[in-house]
Amino acid sequence: MNPPALNVRNLTTVFDTRGGTVTAVNDVSFSVGKGEILGLVGESGSGKSQTAYSLMNLVDRPGRITAGRIELNGHDLAGLGEEGWRRVRGRRIAMIFQDPMLTLNPVLRIDTQMIEAVQAHSGASRQQAREIARECLVKVGIASPDERLACYPHQFSGGMRQRVAIAIALIHRPEVIIADEPTTALDVTIQEQILFEMQTLARESGTALVWITHDLSVVAGLADRVAVMYAGRIVESGPAAQILAKPSHPYTAALLDSVPARNPRGVPLFQIPGAPPNLLEQADGCAFRPRCPKARAACADDIPVLTSGEAAVRCLAPHRALQEALAA
Amino acid sequence: MLAFVFRRAMQSIAVLVLMSAIVFAGIYAVGNPVEILVSPSASALEKEQTSARLGLDKPLHVQYVRFLANAVRGDLGQSFAFGVPAMELILQRLPATLELAVSAILIAIALGIPLGLWAGLRPGTLGGRAIMGASIVGFSLPTFWMGLVLIMVFAVELGVLPSGGRGPTSPLLGVPVSFLSLEGLKHLVLPATNLALFNISMVIRLTKAGAQEAMLSDYVKFARAKGLAPRRIVGVHVLKNIMIPIITVVALQFGSVVAFAIVTETIFAWPGIGKLLIESIGVLDRPVVVAYLMLTVLMFIFVNLFVDLAYSTLDPRVRLR
Amino acid sequence: MPSNPWKEFVAAFATNRVALAGCAVLLVVMLTAVFAPLAAPQNPYDLGLLNLEDTKLAPGTRSAVTGAVHLFGTDEQGRDMLSAIMYGLRTSLWVGFVATVLAFVIGSTLGLLAGCVGGRLDALLMRVADIQLSFPAILIALILVAVLGQGVGKIITALVGVQWAFYARTARGAALVERNKEYVEAATGLGLSRARIISCHVLPNCMAPLIVVAALQVASAITLEATLSFLGVGLPITEPSLGLLIANGFGQMLSGKYWISIYPGLALLLTIVAINLVADQLRDVLNPRLQTV
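Residue numbers (the numbering used here), protein chains in the order written: chain F, 147 to 474; chain C, 15 to 335; chain U, 12 to 304.
Bear in mind the hints are in silico, worked out from the structure with no lab data behind them.
We treat Cβ as the ideally placed atom computed from N, Cα and C, and that holds for glycine.
Treat each hint with caution, since some may be false.
Claimed, not checked - Which bits of chain C does chain U cover? Going by a derived footprint, with three or more residues having C-beta under 8 angstroms, they are:
1. 234–248
2. 280–292
To be verified - Dumping the calculated EDC-like pairs for lysine to aspartate or glutamate here, alpha-carbon to alpha-carbon at most 20 angstroms:
3. C:Lys235 <-> F:Asp326
4. C:Lys235 <-> F:Glu229
5. C:Lys235 <-> F:Asp245
6. F:Lys440 <-> F:Asp430
7. C:Lys235 <-> F:Asp206
8. F:Lys180 <-> F:Asp326
9. C:Lys254 <-> F:Asp257
10. F:Lys180 <-> F:Asp430
11. F:Lys180 <-> F:Asp162
12. U:Lys268 <-> C:Glu171
13. C:Lys235 <-> F:Glu350
14. C:Lys235 <-> F:Asp257
Using the sequences and the hints given, assemble the complete structure.
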């Protein structure tokens, strides 16, 4: 069987802060197949962005990756040096960031920023690179690309800037694209459009897509598989349809319950009690314990990952439920 | 754009007039130049004659009005001490000062930006911290003391560079400059470096702060995610973003550099307008002092205006108020 | 449990060891300046004590007349350089501090008024300050000195005239921010007079940036005075500061008698570097934006 496009095993990234060591990405494992879309879901501070940066070795000081394997189509990326990583970034793995106003350099023109992306990984001439850039702009649905190429980022609307970022990601037809909340900063209507377009592009080119978001409803329509993050760990993962219909982890269930669209009118909106944990004070066991309706004493110890078929969950509750059902 | 320039022009004229009035009145109040210019044993009649000749016997406001009327025509009065038009005196010495000032600025940029980049890209290292430490020292050094040290080390102890004066000049586009000959350069090096010192420190600190901030920015992260080579990231992305504020500040410092040249020219006996100013203050040669100040203020105004205009073309996001 | 804000401040300040070293140097300098008349080996301004045979002695030589060792040599009039430096430090520091304090008080008051009262007063004051700030300090100082003449009081006035604008701008900026905060509304609601609100409520919250400005400006004031004295338009000879000492020694440098200029210069340099180091750290500690978790 073909190796998955992206296979992440036991990835751990820590930050050495003045207050102590924070484990932002804690033993994270997931995989995405060719042409597959994985939705990585979590609240702010759950570690999803840091996971994305870790996948491209872009973690800034004081953070560092301490453990884990990242396999791109079967090749382990761990041993790569700076130059090796540079060759991978943009060519084999590409990333789309959340706010294109911040990620596109404001003092450089669009064509400059796209041409350099082309020339970073190919010997193309300036003319050829410009042609490629132009084609990519067309692919993402930007009209009159020649005029647009001569513009500066601030002359575009938010949606258009994000399309440019997507175009840049597509230039070298990477095997994996990581999109870190790309539509969060945009209008809802544009969001829908871009979601749809990304989905089509992924299917057509066979690119594996990791879509990071805090919004479950986005994931519902888009992703094939879902992975839910909490306090740096993946607490549940599996096929999207299955997880969203029947979540095994209490946190996933709670997240689903908090989606306003699911709420019947007149009933107060559901909120998960408590607050996200302070990562500086990480205790043993499950991080969701203080807020979990199904917490028991056993949850204070290390929770193993239970797999069943294509799904996995880091929780004792489903097993307990099963045992109780069997005993009954 | 035109409204902006017009408003600036009006403001500038107001400043010029105000400045001239203050200085005019002030120097008049400090003392009577006649006392200094004539020998102590001169008779009262001689003093009166000198007064009349210099126009000092009229009441102050009359003198001032006369001054303004002449100023508009470009005549800023005659130097009491030298007897030639003040403007002529200053224009004669101006090229020397400008040469010094421009050299100083060029040195500051040529040394400051690379050093600042190094410190900004490697902030925790020994080299980075050493550069920042040196910049604090450079910033704190009084210009005049540094000049003395430079003379002591290079002229007295090592004997490789001259201790003062300007080298031989040759005309460039009609203006006498001294940097075209080796001898001229030798005379230029020490005073230009002395004058550049404060600015080098400032450029280093600015560049370092800018580079450090830029390296943590999202657009640099994005550039790295695209797989760009580090040299391109620093050389194009970072540099272009930090250059604009740095060049702006440096250009705005031009006026300061010309003003500080007063000290450097005094130490190195450089025949520029700064040295002239100190001498004139000493002998209460009011027309020269006023002419110097007017000229400097005018230079400032032009540089500020130029920088503001240039800024709006360099940074595509800026709109002029 | 709320910890003592002073202790926190000192702890935060102490994290930078170089700044601590600067503090130590500054302490030594200030003590020297304060106790100069007691600690100096010789009163350099008592003409009766000078011996003409002792002129221009190199550092470390023993005087043939008095038998005392001149650690830093003597100048062309036979004055012991160490004593001259100590007295010079005294004058330099004194002028610098007085000018800074005065500029602080005047500038901050004007700035607070401009920020809290607003309107035309604000516009006028800030226009003047802006125009003044766009000129180099030395130029303004020279103009003021040319107009006012020489003498300690006049020099201090000139320094204040140069520096008030920094405090005014900072105070105004801080006042504008504080003015919109709720505690001002609350105080106004309680019926407190404007003056009381400004002085007792707004002012304490503006102090942090003002103190930082003051710390940075002290060094500036001292340097400016030294430069003016060096140029011959600063303090009179009867109250020499380090600048004047350096100027005096300038003529002797070319004949190799460097110590008359260089040692006062070193003293000046040390003082200013120490002040700048301390001020830099003060600014980092007091800057709320730089406070990381």
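Structure-based check of all given hints:
Counting residues of the region 234–248 of chain C whose C-beta lies closer than 8 angstroms to any C-beta of chain U gives 0; at least three are required, and the coverage claim is violated. Counting residues of the region 280–292 of chain C whose CB lies closer than 8 angstroms to any CB of chain U gives 4, which reaches the minimum of 3, so the coverage claim holds. Simply put, C:Lys235 and F:Asp326 have alpha-carbon atoms about 13 angstroms apart, close enough for the 20 angstroms limit, and the pair holds. At roughly 16 angstroms between alpha-carbon atoms, C:Lys235 and F:Glu229 fall within 20 angstroms of each other, so this suggested pair holds.
Only pairs whose Cα atoms come within 20 angstroms are accepted, and C:Lys235 paired with F:Asp245 is accepted, the gap being roughly 12 angstroms. In summary, the hint linking F:Lys440 to F:Asp430 is supported, as the alpha carbons are separated by about 17 angstroms, within the 20 angstroms threshold. Our distance criterion of 20 angstroms between C-alpha atoms is met by C:Lys235 and F:Asp206, whose separation comes to about 9 angstroms. Of the supplied pair hints, the one linking F:Lys180 and F:Asp326 holds, its CA atoms being roughly 19 angstroms apart against a limit of 20 angstroms.
Distance restraint check for C:Lys254 and F:Asp257: the Cα-Cα separation of roughly 16 angstroms lies within the 20 angstroms cut-off, and the hinted pair is therefore satisfied. In summary, the hint linking F:Lys180 to F:Asp430 is not supported, as the alpha carbons are separated by about 36 angstroms, beyond the 20 angstroms threshold. Proposed proximity of F:Lys180 and F:Asp162 is contradicted: the alpha carbons are some 35 angstroms apart, above 20 angstroms. Taken as a hint, the U:Lys268 and C:Glu171 pair is honoured in the structure, with Cα atoms around 11 angstroms apart against an allowance of 20 angstroms.
Pair hint C:Lys235 plus F:Glu350 does not hold up; C-alpha atoms about 28 angstroms apart against a cutoff of 20 angstroms. Proximity of C:Lys235 to F:Asp257 is assessed by CA-CA distance (about 19 angstroms); at most 20 angstroms being required, the pair is judged to hold.
Against the hints set out earlier in the document, violations occur for numbers 1, 10, 11, 13.
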